[in-house]
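Protein chains in written order, with the numbering used here: chain E, 51 to 503; chain X, 51 to 503.
Please keep in mind that the hints were generated in silico from the structure rather than gathered at the bench.
Being a predicted model, the structure only gives us computed values, none of them experimental.
Glycine included, C-beta positions come from ideal geometry on N, C-alpha and C.
A hint or two may mislead.
[What the hints assert, rightly or not] Some chain X residues judged to face chain E by a derived CB distance under 10 Å, without partners named: (1) Arg99; (2) Asp233; (3) Ala268; (4) Tyr280; (5) Gly288; (6) Arg436.
[What the hints assert, rightly or not] One-sided and incomplete, this derived list gives chain E residues near chain X with beta-carbon spacing under 10 Å: (7) Ala79; (8) Ala155; (9) His177; (10) Ala178; (11) Ser438; (12) Ala442; (13) His499.
[Claimed, not checked] Here are some chain E residues the structure puts well away from chain X; computed CB gaps all over 10 Å: (14) Pro72; (15) Glu309; (16) Pro386; (17) Ala445; (18) Gly464.
2 protein chains.
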Amino acid sequence: MQPTQPLTTPRVLARDLASVEPGERATLAGWIHRRRVLASVTFLVLRDRTGLAQVVVKDPATIAQLHGLPEETVVEVTGAVTRNEAAPGGAELTEPVITALTEPALPPPTELWRPTFGAGLPTHLDHAAVTLRHPRHRAAWQLASASMAGFRSALGALDFTEIATPKLVGTATESGANVFTVDYFGRTAYLAQSPQLYKQMLVGVFERVFEVGPVFRAEPHDTVRHLAQYTSLDAELGFIRDHRDVLTVLRAAIAGMVEHIRRYAADAAALLGVELPEVPAEFPVIHFRDALARVGADPDEPDLSPAHERALSEWARTAYGSDFLAVEGYPMGKRPFYTAPEGYGPTGPRGSSGGARGVEPPEGSNSFDLLFRGLELTTGGQRLHRPSDYAAAMARTGTDPVLLAGYLDAFAHGMPPHGGFAIGLERWVARLTGAENVREVTLFPRDLHRLAP
Amino acid sequence: MQPTQPLTTPRVLARDLASVEPGERATLAGWIHRRRVLASVTFLVLRDRTGLAQVVVKDPATIAQLHGLPEETVVEVTGAVTRNEAAPGGAELTEPVITALTEPALPPPTELWRPTFGAGLPTHLDHAAVTLRHPRHRAAWQLASASMAGFRSALGALDFTEIATPKLVGTATESGANVFTVDYFGRTAYLAQSPQLYKQMLVGVFERVFEVGPVFRAEPHDTVRHLAQYTSLDAELGFIRDHRDVLTVLRAAIAGMVEHIRRYAADAAALLGVELPEVPAEFPVIHFRDALARVGADPDEPDLSPAHERALSEWARTAYGSDFLAVEGYPMGKRPFYTAPEGYGPTGPRGSSGGARGVEPPEGSNSFDLLFRGLELTTGGQRLHRPSDYAAAMARTGTDPVLLAGYLDAFAHGMPPHGGFAIGLERWVARLTGAENVREVTLFPRDLHRLAP
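Based on the sequences and whatever the hints tell you, model everything.
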């Protein structure tokens with residue numbers, strides 16, 4: 051390898067090459083994305099975080115040097131900026147001097163310069179540190195990154211406080227199943243399946259809170275939709291009338307996510323052919339009971355099947371021109387213990403606050419699922435807030451209140467009517483990109499079989 | 051309890067009360083922060099997420115009603131907006147109608163309306179769901195919340211991509227000690243002590259990455275500075291010359307954090323008497339060797355003691371007027387295996403890129419600690435990036451490369467010179483507020499003894 055020098059010239063990014071005066075010398079730095087050897091000229095395509103740039107090599111010594119610098123080798127290239135409408139961005143470097151910044155790279159498991167990723171999912175996941183560099187994989191994560199920023203931005207504008215809650219908990223609270231156990235200084239702890247209980251407690255402190263962070267599910271099945279760790283976009287807010295106020299905030303959050311993608315990840319969306327949804331001013335809402343009727347299901351069904359969800363999404367598309375549909379009033383039986391029943395108000399399940407929207411059968415809940423393009427994206431709703439309602443819920447579900455003492459404390463000491471929701475980041479991005487398997491859009495997925503890389 | 055009604059009038063926040071036309075009726079909603087019963091009048095101080103508002107109660111029936119609504123009960127209060135310069139914000143509510151939104155609250159473990167929190171740390175931590183409501187505790191977390199937003203904003207502006215890395219890992223990589231083990235579908239997994247290896251791998255994908263998330267340390271000692279879970283603000287970037295470029299980005303990140311506090315949490319900072327640091331245009335830097343000499347320590351000392359750190363901070367304050375001081379060139383022996391030695395460049399430890407800053411003794415590293423007001427806030431530096439350097443580091447430290455196969459993959463397939471840093475959020479806020487114990491500024495701390503609430 052020839053001697054190397056430090057990065058002495060200020061670096062120009064690929065996207066900015068065309069804005070350099072033609073004839074001036076400029077330095078690019080990045081990965082050798084592709085070498086194309088023709089009879090009298092070799093094209094070097096360089097990749098950096100902003101895209102691709104073309105370098106034209108005619109000098110035989112430099113062409114020979116390039117033979118020893120395989121794809122993915124990191125280099126610095128200084129050359130003359132030259133206009134060429136056929137090059138990416140409309141400019142290229144000519145008369146280059148190439149300096150390797152590391153040792154020659156081993157060949158990746160599949161050629162990363164090909165527009166379509168050429169290997170299967172197992173190969174990608176086994177070699178993620180390298181194969182994530184493929185522009186399509188990078189782009190998928192850029193949608194995720196922009197979505198997180200958009201979520202925070204929308205909720206920050208609504209006066210939400212960001213929180214950070216414990217991931218190590220003493221009780222497997224929400225459901226005893228699917229929880230990871232941890233050796234915690236000789237005791238048993240659990241990995242939090244969601245920040246649910248903590249975000250509720252913190253409504254008592256900040257009124258409106260959100261958290262973007264990892265949650266853990268010891269999912270024993272190998273499905274295309276579940277991960278052992280995923281990123282949950284959680285929000286919870288106080289002083290609501292009912293779950294409809296939660297839905298309003300959910301709409302704002304999703305609008306922020308879409309808007310951020312449009313503004314900061316438009317190239318990524320375009321590369322993947324993502325058609326961003328229009329977020330309606332208000333999500334259309336259908337009652338669970340009416341949803342069952344619409345898809346011709348038995349009125350006693352306790353849940354919607356995947357086929358039902360697809361059919362309802364189709365209908366929302368046709369009836370409202372909406373990619374989103376909220377289904378409210380799910381039966382209480384399928385919802386967690388903290389769920390507020392329909393008509394829930396300050397004085398209890400049949401409080402006057404429910405009256406305005408009509409008294410519903412006792413088994414319905416003030417909760418909703420949000421369907422997005424045929425799949426459930428989010429679950430949310432109103433929670434119980436009166437201490438006596440929690441006491442009753444504990445008794446009904448046979449939960450020992452001692453296990454939840456810190457949580458129940460919050461209600462005994464005054465909590466407002468409140469509710470919230472959680473969006474699974476990877477599921478959201480999978481829906482946007484049309485990825486069949488959520489692993490395709492996760493940086494280093496964890497599942498039943500996979501704990502590395 | 052009297053019958054309750056829903057929130058029918060649009061709610062006015064405490065901070066906005068004075069902007070309502072005097073004489074108009076407005077509805078506040080929040081917690082009863084304090085009742086002050088005088089001979090002919092009772093003052094009700096209401097607390098919401100924006101602050102306090104005063105309600106004047108003269109009507110005997112309403113005074114009687116208030117007897118049954120203890121502090122922390124959540125209420126809605128509708129009344130006439132009245133100017134009063136003595137009231138918080140310059141306005142109060144008179145002729146109020148009070149509606150409870152939940153059952154009467156139990157008394158908190160200490161009176162939350164007192165300006166100083168009246169109980170010790172154990173009481174606070176045992177009842178955090180309630181005692182976090184104390185304005186001083188809320189304020190401390192608002193500094194944390196604003197700091198996270200400022201960190202992201204500063205790095206976003208520098209083209210960093212947000213990442214989300216696995217918290218469940220197959221190998222206790224960075225150090226075998228102080229790691230939590232997890233039962234992972236019958237196998238042993240570990241909780242990640244940092245996103246270090248993943249953020250490096252992702253430099254190969256995005257060049258510049260950051261993550262704000264939980265990290266886990268099975269810290270077996272009960273200290274005022276360590277938690278079993280804390281929030282790490284991590285950044286890593288490629289195409290650097292050396293650790294000084296990392297320091298430049300660290301400065302930008304901290305400037306962003308301070309700026310966000312100034313802009314979005316000024317009230318919280320004022321309440322806690324926080325004097326925000328001036329962030330200098332460049333952090334002053336001292337070499338480890340010179341730092342030892344300056345504090346009169348033995349030149350063979352491998353580390354700085356807490357007393358040394360305090361003395362050096364004092365000196366930086368006097369010599370540079372800076373609350374920050376970077377100490378660079380720490381001995382390699384105290385640094386993790388991926389640390390780049392002094393003078394490290396593209397061609398190895400003695401590459402020409404180090405020449406510009408002089409050749410140092412072989413045991414020094416291209417890493418730094420950042421001291422802030424007498425304590426180490428951050429560690430950062432340049433990492434190795436050549437695959438042969440990792441092979442040598444594995445051999446030297448006796449690490450089986452198979453354990454780190456996915457990580458080493460990234461280097462074999464081309465990685466640029468890179469480096470990064472991590473800031474402990476809770477430690478940062480503790481330094482700002484002067485909290486002696488990092489638990490005082492953590493929402494629900496986890497340690498050797500504490501796993502609840």
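Hint check results:
Of the supplied interface hints, the one on Arg99/X holds, with its beta-carbon coming within about 4 Å of a beta-carbon of chain E, less than 10 Å. Given hint, Asp233/X at the interface with chain E, holds; its Cβ is 5 Å from that chain's nearest Cβ, closer than 10 Å. This hint holds: Ala268/X has a C-beta 7 Å from the nearest C-beta of chain E, less than the 10 Å allowed. Below 10 Å, beta-carbon pairs count as interface contacts, and Tyr280/X has one with chain E at about 9 Å; its hint therefore holds.
Interface hint at Gly288/X: satisfied, since its Cβ lies 8 Å from the closest Cβ of chain E, which is below the 10 Å cut-off. Annotation: Arg436/X was flagged as interfacial toward chain E, and the flag holds, the nearest CB pair being 5 Å apart, inside 10 Å. At its closest, the beta carbon of Ala79/E sits 5 Å from a beta carbon of chain X; the interface hint therefore holds under the 10 Å criterion. A distance limit of 10 Å between C-beta atoms decides the matter here; for Ala155/E the minimum to chain X is near 4 Å, and the interface restraint holds.
The interface hint given for His177/E holds, since its Cβ lies 6 Å from the closest Cβ of chain X, which is under the 10 Å cut-off. For the restraint placing Ala178/E at the interface with chain X, the shortest Cβ-Cβ distance is roughly 7 Å, inside the 10 Å limit, so the hint holds. Satisfaction of the interface hint for Ser438/E is found here, the shortest Cβ-Cβ separation to chain X being roughly 6 Å, below the 10 Å cut-off. Below 10 Å, beta-carbon pairs count as interface contacts, and Ala442/E has none with chain X, the closest being about 13 Å; its hint is therefore violated.
With its C-beta approaching chain X no nearer than about 8 Å, His499/E sits inside the 10 Å limit, and its interface hint holds. Pro72/E, annotated as away from the interface, keeps every beta carbon of chain X farther than 10 Å; the closest lies near 25 Å. Once the 10 Å rule is applied to beta carbons, Glu309/E is consistent with being away from chain X; the minimum gap is 15 Å. In this structure Pro386/E is separated from chain X by more than 10 Å, as the shortest Cβ-Cβ distance comes to about 18 Å.
No beta-carbon of chain X is positioned within 10 Å of the beta-carbon of Ala445/E; the least distance is around 17 Å. Not every CB of chain X is more than 10 Å from the CB of Gly464/E (nearest about 4 Å), against its label as outside the interface.
Of the numbered hints given earlier, the model fails hints 12, 18; all others are met.
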